[in-house]
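Student: Protein sequence lines correspond, in order, to chains A and B.
Going by my numbering, the first residue of the first sequence is number 1, and it counts up by one from there.
Going by my numbering, the first residue of the second sequence is number 1, and it counts up by one from there.
Calculated from the structure, these hints are not laboratory results.
All figures in this text were calculated on a predicted structure; none of them were measured in a lab.
Hints should not be assumed to be uniformly reliable.
Listed next, the in silico EDC-like pairs over lysine to aspartate or glutamate satisfying Cα-Cα at most 20 Å (straight line) [stated by the list, open to error]:
#, chain 1, residue 1, chain 2, residue 2
1, A, K176, B, D170
2, A, K259, B, E46
3, A, K223, B, E46
Here chain B is said to cover these stretches of chain A; the calculated rule only asks that three of the stretch's residues, wherever they fall, bring their Cβ under 8 Å from a Cβ of chain B [what the hints assert, rightly or not]:
#, region
4, 121-131
5, 178-185
6, 286-296
Cβ coordinates follow ideal geometry from the N, Cα and C atoms, glycine included.
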Amino acid sequence: MPAAFSGWCLGHLLLLLLLLCTSLSGGTLADAAMTTQDSSQAQVNFVTKTQVGHESSGPNASIQELKPGGKENLHSVPEHEIVLIGTSLEKKISLPSPTKVDLTCKLDDHSHLKNPQVTWKKGSETISHTSKTEKSWTIQVTVSDSSQLGSYTCILKAEKEISATFHLQVPKLEGKEKPVITYARDTAVMVCTAEYNPKAWTWYLANGTELVRVLRADKFQIKRPSPNVNRLEILKLTKEDNGVYWCEAIFELGSNQIKFELKVLSFGAPLKTFIAIVAEVAILFTTIVLYEVYSKRKEKGSKKECDQTKQLKSGDSTETQK
Amino acid sequence: MPAPAQAGRAPGPPDGGWGWVVVFGAFVSIGFAYAFPKGLAIFFKEIQDFFGTSYSEIAWISSIMLATTYGAGPISSILVNRYGSRPVVMFGGLLCGVGMISAAFCTSILQLYICVGFITGFGLALNLQPSVIIIGKYFLKRRPIANGLAMAGSPVMLCTLAPLNQFLFDNFGWRGSFLILGAILLNCCVAGALFRPIGPGTALVKTQVNEEGKDALKGKTTEDGPMEKKTEEEEGKDCFEKVNQYLDFSLFKHRGFLIYLIGNVLMFLGFFAPIVFLAPYAKHTGIDEYSAAFLLSILAIVDMVARPATGMVANSRWVRPRIQYFFSFAIAFNGACHLLCPLASSYTGLLVYSSFFGLAFGMVCAMLFETLMDLVGAARFTSAVGLVTIAECCTILLGPPIGGILIDTFGDYKYMFIKCGAVMVLAGTFLFIMNYYNYRMLAKEEKERKTKEEHLKSVRTENEGKINWNKDSTQDGPELEPLRENGEGVKKEMNGTN
């Protein structure tokens with residue numbers, strides 16, 4: 001059937017389009033920091049060397065997040081750089097596994113700052129540069145365990161002080177910010193997605209202040225449709241299942257958690273609204289029908305009068321004729 | 001147009017009074033039919049997660065619904081021809097309600113396809129066609145305004161449904177929302193109850209088609225000769241003619257209908273794709289989600305205002321006789337907007353584009369059915385709308401996927417806009433040229449008919465007695481009067497603004 005085939009085509013192409021869009025539109029994070037351009041200072045530009053097929057037009061190009069599970073060439077170290085201007089700038093970098101990263105702070109070509117002094121710091125500790133050019137300063141950070149994660153800041157001192165921060169962290173998790181609404185005797189599904197593939201997943205139920213691991217096989221089912229997605233299914237819901245659940249993903253460099261809130265409603269909740277609307281429909285419907293019947297009766301009544309007067313008149317005329 | 005001497009015959013459309021109530025009912029009905037499938041998109045992510053399916057499987061729900069709504073057009077037409085608009089719309093509303101209520105209890109994606117896709121889609125089809133048809137029965141002189149107002153239901157309902165759906169979803173989850181939406185769809189039954197049958201509009205098919213054949217002949221001289229003979233002969237003799245009673249396939253010989261069909265089928269290839277891809281395109285150029293959504297809101301708001309406004313313009317003395325040209329212009333204008341869109345790269349540019357797009361979209365939609373009514377007449381409109389929607393069904397479904405392929409192949413949205421723009425400009429030009437030809441042919445046929453009748457008249461006066469002839473002439477007089485007045489007989493007939 002052409003309609004079904006078109007439906008299939010449409011569905012698949014919408015999927016392709018969605019994937020394309022999600023891969024092209026990365027920008028989140030420090031977009032807010034890229035505000036106005038000061039004429040006396042350089043322009044802001046976020047650039048990641050691992051961009052794929054995105055046309056950056058002018059200074060407000062969106063940031064490219066690294067694609068999940070992307071290829072990492074072991075021979076070349078991933079580079080991240082920030083071009084400096086404005087007050088404070090930030091960039092968040094997710095690292096799934098031990099690696100080395102190059103962090104660069106770079107001055108834009110149009111900048112007129114003379115003899116800038118740049119220091120790299122992590123917390124209070126100063127780090128020495130790995131490489132340095134006239135307008136860029138780079139450090140290489142070897143991240144082998146969670147202690148090397150954190151915030152690395154480059155501070156530039158010249159006429160003004162400018163700083164930019166790189167946040168090295170474990171990959172983020174994505175869940176549902178709003179509560180998950182389900183009904184008693186139904187199944188609840190919570191889907192937890194990670195940027196990169198974690199080593200392991202765990203789910204917890206918040207019991208007061210304790211976190212209890214979710215274990216019962218008859219009530220809970222954990223599925224892993226793909227390496228970076230995890231599903232928790234809760235069967236045979238009851239009101240007691242209301243509450244907070246945590247999804248934890250364990251990476252080589254640490255773990256990350258995200259919260260889900262579950263609300264179990266009884267069927268009566270929407271039912272009340274449903275009945276109210278059905279009642280409204282019934283009332284309107286009856287009103288319209290009654291009005292129509294009433295107006296038709298009025299018409300018939302007036303028509304009868306018309307006919308009667310006509311008969312009388314014709315009766316008169318026939319009488320006169322006779 | 002009905003002269004006093006015609007009091008004995010069936011009166012023309014009331015052009016007011018209860019007609020405006022019918023317009024309101026059609027507003028609600030058409031609004032649900034067009035806006036409901038679009039409003040469902042909010043639930044798809046959740047349903048996808050719940051059933052663990054891929055996005056394309058969820059997108060099928062929308063496609064099935066759209067395909068059923070347009071594909072069931074002929075069935076809708078047949079039912080309206082047989083039973084009249086009112087029972088069909090009420091049944092359609094009931095079907096929609098039942099479909100969505102049962103969808104609330106679905107346990108698999110296949111059940112959702114059936115409940116939401118087929119049942120609700122079919123119910124919406126039964127809502128859409130009769131609403132459009134009954135406007136043609138209630139209005140003649142003010143029909144473009146009535147059409148414009150009724151079609152404005154679509155953007156208004158969309159603007160209402162979108163936040164409402166979001167609210168329902170946040171509070172009741174998708175199951176509860178479907179239950180409540182089912183109840184809301186039952187309001188279509190209420191809208192249907194307003195569609196009081198009128199004059200020659202309903203009752204038995206035979207008498208109805210006979211009457212309408214005659215009425216349409218007097219009112220519009222765009223009928224074919226053969227059709228008139230058929231209505232007089234039909235006593236259910238031929239099987240083919242019986243089918244023709246329910247669904248008028250002889251429309252395929254009607255020149256105006258064919259022009260409309262080809263032009264529209266072509267137009268729909270590029271009609272919906274830009275709306276589908278406007279928000280993704282905005283995000284692609286770096287605009288954030290909320291501003292991208294705002295573009296669509298601007299589009300809907302301008303659309304809402306444009307439809308009744310277009311109806312009023314189309315009803316004016318200058319435009320009504322040449323309404324086909326206005327329609328072609330609207331389509332070409334739409335195409336021109338799309339062609340210029342790639343030049344708009346900033347947010348302001350896209351805002352301007354959205355406003356003009358909203359205007360053009362509203363103009364085309366407001367006149368979509370009006371022009372068809374104008375071409376084939378109110379009598380055959382019932383069948384015409386069914387045949388047109390099933391033909392459009394294919395291109396409507398193909399439009400966005402083709403746009404999607406273009407975007408994927410070239411990695412750039414501008415080719416999709418260029419394709420849509422080109423297709424629509426082509427359709428507009430085609431319609432313009434063919435309608436010019438059609439108008440000329442109609443004027444020619446009108447002149448021929450005039451000379452033929454005058455010739456017949458003179459023959460009759462020679463052969464028959466004067467007394468008999470006087471009786472005939474008083475009956476034919478009012479009919480031929482508007483024709484005799486001036487050479488613009490055709491345009492005056494189609495004008496309906498005597």
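Student: Indicate, hint by hint, whether the structure satisfies it.
Tutor: Okay, the hints, checked on the actual structure:
1. Distance check on the hinted pair: K176/A and D170/B sit about 12 Å apart at the alpha-carbon level, within 20 Å; holds.
2. About 17 Å separates the Cα atoms of K259/A and E46/B, which keeps this hinted pair within 20 Å; it holds.
3. With a C-alpha separation of about 17 Å, the suggested pair K223/A and E46/B falls inside the 20 Å cut-off, and the hint holds.
4. Requiring three or more residues with a Cβ within less than 8 Å of a Cβ of chain B, the coverage given for the region 121-131 of chain A is violated, as only 0 such residues are present.
5. Beta-carbon proximity to chain B at under 8 Å applies to 5 residues in the region 178-185 of chain A; the threshold of 3 is reached and the given coverage holds.
6. Counting residues of the region 286-296 of chain A whose beta carbon lies closer than 8 Å to any beta carbon of chain B gives 3, which meets the minimum of three for the stated coverage.
Checked against the numbered hints listed earlier, the structure breaks hint 4 alone; every other hint is satisfied.
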